[in-house]
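Residue numbers (our numbering), protein chains in the order written: chain Z, 567 to 932; chain U, 567 to 932; chain W, 387 to 671; chain V, 387 to 671.
Hints are not guaranteed to be accurate.
[To be verified] Some chain W residues near chain Z, calculated using beta-carbon distances under 7 Å:
id : residue
1  : Gly596
2  : Ser622
3  : Pro625
4  : Gly630
5  : Lys638
6  : Thr642
[Said to hold, decoys possible] With a Cα cut of at most 25 Å, we get these calculated SDA-like pairs of lysine to any residue:
id : chain 1 : residue 1 : chain 2 : residue 2
7  : U       : Lys635    : U       : Met655
8  : Z       : Lys635    : Z       : Arg615
9  : Z       : Lys923    : Z       : Glu843
10 : V       : Lys419    : V       : Ser552
11 : U       : Lys723    : Z       : Arg615
12 : U       : Lys694    : W       : Asp551
13 : U       : Lys723    : U       : Met655
14 : W       : Lys586    : W       : Gly666
15 : V       : Lys601    : U       : Lys923
16 : W       : Lys499    : W       : Lys586
17 : U       : Lys923    : V       : Ser552
18 : Z       : Lys923    : W       : Asp551
19 : W       : Lys638    : Z       : Pro857
20 : Z       : Lys579    : Z       : Lys694
21 : V       : Lys627    : U       : Asp741
22 : W       : Lys627    : Z       : Lys579
23 : Z       : Lys795    : W       : Lys586
24 : V       : Lys627    : V       : Tyr609
Because the hints were derived from the structure by calculation, they are not lab data.
Glycine included, every Cβ here is placed at the ideal spot set by N, Cα and C.
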Amino acid sequence: MNLYEYMGKEIFKKYGIPVPGGYVIDNVNELKKYEEPVAIKSQILSGKRGKAGGIKFAKSNDELVNYSKELLSSKINNLTVNKLLIERMINIKKEIYLSITLDRSSKEPIIIMSSEGGMDIESVPEDKIYKIYIDPLIGYSDYIAREALAYLSVENKKQFSSLLRSLYNAFVNEDAMLMEINPLIIDNDNNIIAGDSKVIIDDNSLFRHDEYKIKDTDKTELENEAANKSFTFIEMGGNIGVIANGAGLTMATLDALTLHKLKPRNFLDLGGTDDIEIVEDAFSFVLKAKPEIIFVNIFGGVTKADTVANGIVSSKNKFNIKQNIIVRLSGIHEEEGRKILLNNGIKAFPDMNDAIKAISKIYEVN
Amino acid sequence: MNLYEYMGKEIFKKYGIPVPGGYVIDNVNELKKYEEPVAIKSQILSGKRGKAGGIKFAKSNDELVNYSKELLSSKINNLTVNKLLIERMINIKKEIYLSITLDRSSKEPIIIMSSEGGMDIESVPEDKIYKIYIDPLIGYSDYIAREALAYLSVENKKQFSSLLRSLYNAFVNEDAMLMEINPLIIDNDNNIIAGDSKVIIDDNSLFRHDEYKIKDTDKTELENEAANKSFTFIEMGGNIGVIANGAGLTMATLDALTLHKLKPRNFLDLGGTDDIEIVEDAFSFVLKAKPEIIFVNIFGGVTKADTVANGIVSSKNKFNIKQNIIVRLSGIHEEEGRKILLNNGIKAFPDMNDAIKAISKIYEVN
Amino acid sequence: MVIINKNTNVIVQGITGHQGAFHSGEMIKFGTKVVAGVSPGKGNTEINHVKVFNTVSETLGYEPYASMISVPAPYVKDAALEAIDNGIKLIYILTEHVPVHDTMEIAHQARRKNVMLIGPNSPGITVVNESKIGIMPNHIFKKGNVAIASRSGTLTYEIVKAVTDSGFGETTVVGLGGDPIIGTTFSDIIKIYNEDEQTKQIVLVGEIGGGEEEKAAAYIKKYVKKPVVGYITGRSAPPGKRMGHAGAIIEKGVGTAESKINAFKDAGIKVADYPDDIPGLLQKL
Amino acid sequence: MVIINKNTNVIVQGITGHQGAFHSGEMIKFGTKVVAGVSPGKGNTEINHVKVFNTVSETLGYEPYASMISVPAPYVKDAALEAIDNGIKLIYILTEHVPVHDTMEIAHQARRKNVMLIGPNSPGITVVNESKIGIMPNHIFKKGNVAIASRSGTLTYEIVKAVTDSGFGETTVVGLGGDPIIGTTFSDIIKIYNEDEQTKQIVLVGEIGGGEEEKAAAYIKKYVKKPVVGYITGRSAPPGKRMGHAGAIIEKGVGTAESKINAFKDAGIKVADYPDDIPGLLQKL
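Sequences are here, hints too, so could you generate the full structure?
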């Protein structure tokens, strides 16, 4: 799950990583009296927040109140701003990029650094990026900071060393997939301060982190609702509702539709199941997304095709589905399954491409 | 350093390992009013405390007061009792042996268990002892308790598993060389309770454990005083004071004296030095042990023989040493060194055995 | 054949669970030598005529070589470390939702102890006519000359069935797992398939996320003479979204379908647009 | 010769410290190729005409094979992990008083990465006429056919000198270290000495504590044809007392001089009562 900047900074504080003094508000009534110049930062899970106008700087109480009013409830990069982080302004001598993430290839945590702070790391040239791999069986040791400091020019080496150790501890203890500080600010007194935070916590670790059991707000309402039912549901913006089984087959289904110039409304992985009710649950989510057509693509392996067929029929009746349902049903018990569907007036194909062609035809006809 | 039972049990408590309710006293005035049967346990660093009369059981207030008076300041196994641990009596259904120590050969922590609790583990036959090695790069994992429980019959498996994890955490975090619970008591309600504690903390780790900077009381006063000056000084009970350089050579010196039926008074390793003052410090400790003769055995490698010779001469004058000083001086600058000594009336040999023969001769003559 | 054969002794950690019980039964039907089960607290019971023990240590008399781990995600690390510590040489983790920090530790300890790790979140490994460890449906296989590796489950079954139905048949099928960090990867498996004499052609079913398809392509370009067919899912996936698999995500521009497809093409791999196209791209040898 | 030779590139971690500075100078006089020094915060300086860097990583251009670690005990683990991570293949730790839990971790990581570890709390290794890493006095050696291993410092110098003075001379001398847990032990070194063609006879200087002398004796009994002379210190030591070396302690009846002497005798090793007796027990070959 992606954490808001202010939540990432709370973690930083807990591990002794300096952050600018500040506070969070949901509401302008919670603003404290203006005392010094502050940044007003929209708490949304989106990059390039500043460029999109999500960060304002106030040099008076009026500015503080007016900008806060302006930002709260506004839409930045298509996301509603529900919270603001009001932070003391830091004088900036230098900006550094620092993150710890997982390197999939080496299967290790990796520290990524660059003296080019404040920019998206993707846009920094490779030769200005420095990487250190950490052996997870050994963990962090102080020489890693020394190696980092051979690359980064930082005056306050002791503070940097302690910060890097803290960040690594936070990364491991909090089961993070990413902890990014961009920019890591060095101020005119050579203090090192985390200017921003981007933290992603491993969803699969939440059983040992009660503190993160909050609403994961980079998901839409429907996505969250599905997640609570243990479905992976992703909104895609098209018009063809999709139910498939297995993440791979579901992705393949979306890809195939797209290659046929059709636009999927969603990703929904039914999972490996043999339960009619779960099929009904899947339909209920897809229907909430208001698709024009529903495409069900099932390969029966563990999941039996006839069970799914029965689930489709019962869903159609239960939810009084008016939309066209196109089904591709293959694998174990496929013939029984297709027979059940045809008997109930639902088109069923053994082949995925034939099913998609049938959908294309509907759109051509319309 | 060896910790007293009550100190070990404080560590256990900190890590959530159950111990009997109790308190420590230096003085009978600190006794609490008798409420239930208690054990009165002399806090001395010695095995077989019980057999030597160091543990008493009180079933009334009178007994509590009288036994406490009797034990405090008494000598048990030649050690003075300065503290008592007053502990609630535990009903005992079963006694187990459990310890974690370092296995020198595998270079790993090792868990040692036996269903024969309450006895010295040395006297338990090998086939009743069960060992589990822990990989220090991986640490403890719960399967280790399951493997232990395949050997030990314990009803309350969940409590045992949690206790073993706690003991391992304590062992690592406290830099222990030994954490022994003998007996580990299982009471009539199947609760598991640490009946005793024997904990040895690595002296070399004390820089990260301020809490253990206490007087290590299994050393004599002189040994402690020497330790504060960074000398290893061990009292041996004989009459020949020994100063040698290097732990190996010092042990070899004691061994050689013993093989010649001579009795060393002490072990004192001068270390690798080239400083006259350190030689003087060494003499000051050996003199406090009141030896009949002083034997100095030096091989000059890094330490130069002439420097030591000068140190011996200055010590003799400074401390007005009346005892015979026999010196064996070899290695770098040995001839200069022996000359300095002979000029000051001190017998010096190039060969260790010749020096020891000279000491033997003194005793034969006397 | 490779990795396992009909003489491979297999234990199942978590054999008394819903998945463990069902799939160990299916494995036995397939012909797998399931010699013992492990389920803490269920020792001295039996399931599918297989004896159940509390610890892996107690199964060592059966000389297990491989373990299938099907325990709840919070206990996977403990089970895997137990298996490694007891000398198991092949560990397959079925379980989904294993914390990635746990997987890192398992993977490193496995490498240190020369243990082959498959998964987590994988459908397992099937060597046709020999042995199956995992959850792939028994009925889809037929002995042939195609080796398949995939990051998916159901999609793999579908492709296997298509390969079977088209008459080619398979030597070995490995599901590598849908997590961001997995034990055996494409670049590991391609070496094994390349050296396997019975395997005449290879199918790789990749997906968005990470760079293992690209690494495998580089290896194929350099060393592999056998025909390879590739397929990549997730072409239509938006960046930053986990597409059902924890590992199927485009992060900071890395792991796009485009990059993988280009790497495949550059290595001379024939790339299928649809899974159904795969049999047609295989060569009649 | 074994372990190191005149072409072995050596770095010194802690070269600007009192010990590091003095002994790196002595090593250079001996003929050791000290190619670089490491001392955090002292980069861009020079000592004994050797360039000093802040990190091991920066010395890699000199292709170091071995590192001598002479930093204060609290920093030894960090320095050793740094050396291992940077591909150093032989690590010698001079420092005394290293926490034993740190040594365990260093030793396991060294074994995992195929690094030879000598020490901690060791006088080092000398291969006569080739290279010296450590603090043994230069002047005591003479090229000969005796290999010596010992857990002591000064006592070793004394024995080396006696072997030199008696005309035999040495091939290799290794100080294993006085700590309870050390990298290379008697049972490791005996294999190396047994295989070294220049070594015709072997001297082992053991002491109370642990069981490595016994393990080496068992190996010698089985495999070693070369004459071996042994000596054990601590015969007169009371149990439970650490005799100067953290490792020289009889614990729970384990590690007595008697046990070691008996094991030596049982393996056909001639046992000296006094260090001075050792040259007399060596064979004129």
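Okay, the hints, checked on the actual structure:
1. For Gly596/W, the shortest C-beta to C-beta distance to chain Z is roughly 4 Å, which falls under 7 Å, so the interface hint holds.
2. The beta carbon of Ser622/W comes within 4 Å of a beta carbon in chain Z, closer than 7 Å, and the hint placing it at the interface holds.
3. Proximity of Pro625/W to chain Z is violated relative to the hint, the smallest CB-CB distance being about 11 Å (cut-off 7 Å).
4. The beta carbon of Gly630/W comes within 3 Å of a beta carbon in chain Z, closer than 7 Å, and the hint placing it at the interface holds.
5. For Lys638/W, the interface hint holds, the least distance from its beta-carbon to any beta-carbon of chain Z being 5 Å, beneath 7 Å.
6. Interface restraint check for Thr642/W: the shortest CB-CB distance to chain Z comes to about 12 Å, outside 7 Å, so the restraint is violated.
7. Distance hint between Lys635/U and Met655/U is fulfilled; the C-alpha atoms sit about 20 Å from each other, no more than 25 Å.
8. For the hint linking Lys635/Z to Arg615/Z, the alpha-carbon distance of about 17 Å falls within 25 Å, and the restraint holds.
9. With a C-alpha separation of about 29 Å, the suggested pairing of Lys923/Z with Glu843/Z is violated against the 25 Å cut-off.
10. Proposed proximity of Lys419/V and Ser552/V is contradicted: the alpha carbons are some 30 Å apart, above 25 Å.
11. In summary, the hint linking Lys723/U to Arg615/Z is not supported, as the alpha carbons are separated by about 54 Å, beyond the 25 Å threshold.
12. For the given pair, Lys694/U sits about 61 Å from Asp551/W by alpha-carbon distance, which is inconsistent with the 25 Å threshold.
13. For the suggested pair Lys723/U and Met655/U, the alpha carbons sit about 23 Å apart, so the restraint of at most 25 Å is met.
14. The hinted pair formed by Lys586/W and Gly666/W meets the criterion: a straight-line CA distance of about 16 Å does not exceed 25 Å.
15. For the hint linking Lys601/V to Lys923/U, the alpha-carbon distance of about 35 Å lies beyond 25 Å, and the restraint is violated.
16. Restraint check for Lys499/W and Lys586/W: the C-alpha separation of about 31 Å exceeds 25 Å, so the hint is violated.
17. With a CA separation close to 22 Å, the supplied pair Lys923/U and Ser552/V stays within the 25 Å bound.
18. Taking the CA atoms of Lys923/Z and Asp551/W, the gap is about 22 Å. The hint holds against a cut of 25 Å.
19. Restraint check for Lys638/W and Pro857/Z: the C-alpha separation of about 31 Å exceeds 25 Å, so the hint is violated.
20. Straight-line distance between C-alpha atoms of Lys579/Z and Lys694/Z comes to about 29 Å, which puts the hinted pair past the 25 Å bound.
21. Taken as a hint, the Lys627/V and Asp741/U pair is honoured in the structure, with Cα atoms around 19 Å apart against an allowance of 25 Å.
22. About 28 Å separates the Cα atoms of Lys627/W and Lys579/Z, which puts this hinted pair outside 25 Å; it is violated.
23. This hinted pair does not check out: Lys795/Z and Lys586/W have alpha carbons roughly 44 Å apart, beyond 25 Å.
24. The hinted pair formed by Lys627/V and Tyr609/V fails the criterion: a straight-line CA distance of about 34 Å is larger than 25 Å.
In this structure, the hints that do not hold are numbers 3, 6, 9, 10, 11, 12, 15, 16, 19, 20, 22, 23, 24, in rising order.
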